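S.K.: Residue numbers (the numbering used here), protein chains in the order written: chain U, 1 to 104; chain H, 1001 to 1418.
Hint data in this document are derived by calculation from the structure and do not stem from the laboratory. Note that the coordinates shown come from a computational prediction; the quantities given were computed from them, not determined experimentally. C-beta: ideal position from N, C-alpha, C; glycine also. There's no promise every hint is true.
[Stated by the list, open to error] Just so you have them, the derived chain U footprint on chain H, three or more residues with Cβ under 8 Å:
1. 1057-1067
2. 1099-1105
3. 1110-1120
4. 1359-1366
[Stated by the list, open to error] Partial pick of chain U residues on the chain H-facing surface, computed with a CB cut under 7 Å:
5. 22
6. 39
7. 40
8. 53
9. 56
10. 57
11. 66
12. 67
13. 68
14. 81
15. 93
16. 95
Take a look at the letters that make up each chain.
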Amino acid sequence: MQVTWILPDGARVTAEVAEGLSLMEAAVAQNVPGVVGECGGNLSCATCHVQVTDDWAARVGGPEEFEDAMLDTVDAARGPTSRLSCQITARDELDGLVLIVPGA
Amino acid sequence: MTVWTPEDDGFADLTSHDTFARGAPHNTFARLRRDDPVHWTEWDQGLGFWSITRHADITEMNRQHEIFSSARGIRMEDQTYEEYLARRTFQETDPPEHMQTRVKVARAFSKPVIAEYEQDIRDLCDEILDQALEAREFDATKAIARQLPMRMLGRILGTPEADLPWLVEKGDALIANTDPDFTDHVLDKMDTDEFRMMPFNSPAGAELYQYAKELMAHKARSGDTNGILNMILNPGRDGGVISETEFRNFFCLLVAAGNDTTRYSIAAGIQAMCHQPELLGQMQSGAVWETAADEIIRWATPAIYFRRTATRDVEVHGKMIREGDKVLYWFASANRDEAAFEDPFRVDLARTPNKHLSFGQGGPHICLGMWLARLEVRVLFEELSKRLRSIEAAGPHQFLRSNFVGGIKTLPVRVVPA
């Protein structure tokens, strides 16, 4: 599946992502600036914050309980479609997904 | 100019605190990374254990908390189940239980909330450095490195300034429980059995608990419901509240871990400035502050290792790790792994990327206080470098006697102010 990240300066990074990988892992592999993932995808650091573009928000879904709590700790302002990208798994139905990397 | 050089023969005893009193045995770690990355140590003081020394392996295994659990102890030493229950904190839990505690305090230690302390930290640095640099020769660990984290801890806990030296002395007695300079109850040298239900096997745990109880009672009387300590007492998302024992242990953890790790990062950074004089100029250029703190913290690696326990049989690099076996992640080794860092024995303040593991990166137990540590280290060195024309060693430094906490406990320096 294909994922695009829109960076704070408007630049775009688009990559093929293997199914089953988390979108934090995918971003780190692509060196997407602003997605760090320091806790390895364990919901403990909130350094993989993204905002899902409105068109995709319903298909991606909202955060679970602990993710919701950790979203209150992110550096950039939290928005209505904010997610920790370590909790989003690449899957077919998300092909073409566009994510925004919020500026700090 | 060379930095401190390890002198171990490549076969150092990793169970011996005396080994580490001469500095981390990096020749031994280098040999293990090269020849025996999953290394078994027999131990006459307890069950044997596996040592993981490569950066890539620790990163991969740390993620797998279902296989390598924290919920059976995090130190080399064995604990009975009874001792474990009496002494555990959320460090000794696995997800999802770990998250119940973590989310209560995560916001308070988050990057944006911690960033608000910057001016406070700078003001404290002003005070500490103005006083320390009045002398031209002094012990930089005592006069500088020890001061800042101690006083920030006071701000965060909301304790009176006058109590801080006592608190830090007790915190040291806990975490440096193998160094006779810091405790009267040296863990491996006498029978500490009487205190085995106390955090870190130390009577200081009981004293700190008494203090925390009185502090909370005082806060309650004055209507103060804010702060970290009240947060941890709030019910979790599952409605659960922590027990008195857990609260005591959390308080002890904050006092101990919130102190010495940042102290020894600062001390290691100052030691590096003495041995690599070019660092001062790089700091003064102002170009390295995005990256300098992490490099100093990599160089320091205050948490030498953390332990996990295998929950099932698993093969790693051809070795069969059995269910119940202790597995040690040697962060001190990973942070000098030549496969992960170019010229790892040199401090490069501009190093980027810098995937050091000093905060336990890559796993759920990543340091709660990492944003505070980074901020304290950056601001301290910004302020220190502004005030210096030169700094040099005024004698040999001494390492803490501990294979768990890596730190320079005395660091004689000579300075010329700017």
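S.K.: Work down the list of hints and note, for each, if the structure agrees.
M.R.: Going through the hints against the structure:
Three residues within the 8 Å Cβ limit are the bar, and the region 1057-1067 of chain H against chain U gives 4, so the coverage statement holds. For a cut-off of 8 Å, the count of residues in the region 1099-1105 of chain H with a CB near a CB of chain U stands at 3, and the three-residue condition holds. Three residues within the 8 Å Cβ limit are the bar, and the region 1110-1120 of chain H against chain U gives 4, so the coverage statement holds. Here's how the region 1359-1366 of chain H fares: 7 of its residues keep a CB closer than 8 Å to some CB of chain U, so the rule of at least three is met and the hint holds.
With its C-beta approaching chain H no nearer than about 11 Å, residue 22(U) sits outside the 7 Å limit, and its interface hint is violated. For residue 39(U), the suggested interface contact is upheld, since its CB lies about 4 Å from the closest CB of chain H, less than 7 Å. Checking residue 40(U) against chain H: minimum C-beta separation of about 4 Å stays under 7 Å; hint holds. The beta carbon of residue 53(U) is not positioned within 7 Å of any beta carbon in chain H (closest approach about 24 Å), and the interface hint is therefore violated.
Because the closest C-beta pair between residue 56(U) and chain H is about 26 Å apart, greater than 7 Å, the hint is violated. Here the hint on residue 57(U) is broken, as its CB sits about 23 Å from the closest CB of chain H, past 7 Å. Contact between residue 66(U) and chain H, as hinted, is supported at the beta carbon level, the nearest pair being about 5 Å apart and thus within 7 Å. The beta carbon of residue 67(U) is not positioned within 7 Å of any beta carbon in chain H (closest approach about 10 Å), and the interface hint is therefore violated.
For residue 68(U), the suggested interface contact is broken, since its CB lies about 9 Å from the closest CB of chain H, more than 7 Å. Because the closest C-beta pair between residue 81(U) and chain H is about 19 Å apart, greater than 7 Å, the hint is violated. The restraint placing residue 93(U) at the interface with chain H is violated, with a minimum CB-CB distance near 26 Å, outside the 7 Å limit. Proximity of residue 95(U) to chain H is violated relative to the hint, the smallest CB-CB distance being about 26 Å (cut-off 7 Å).
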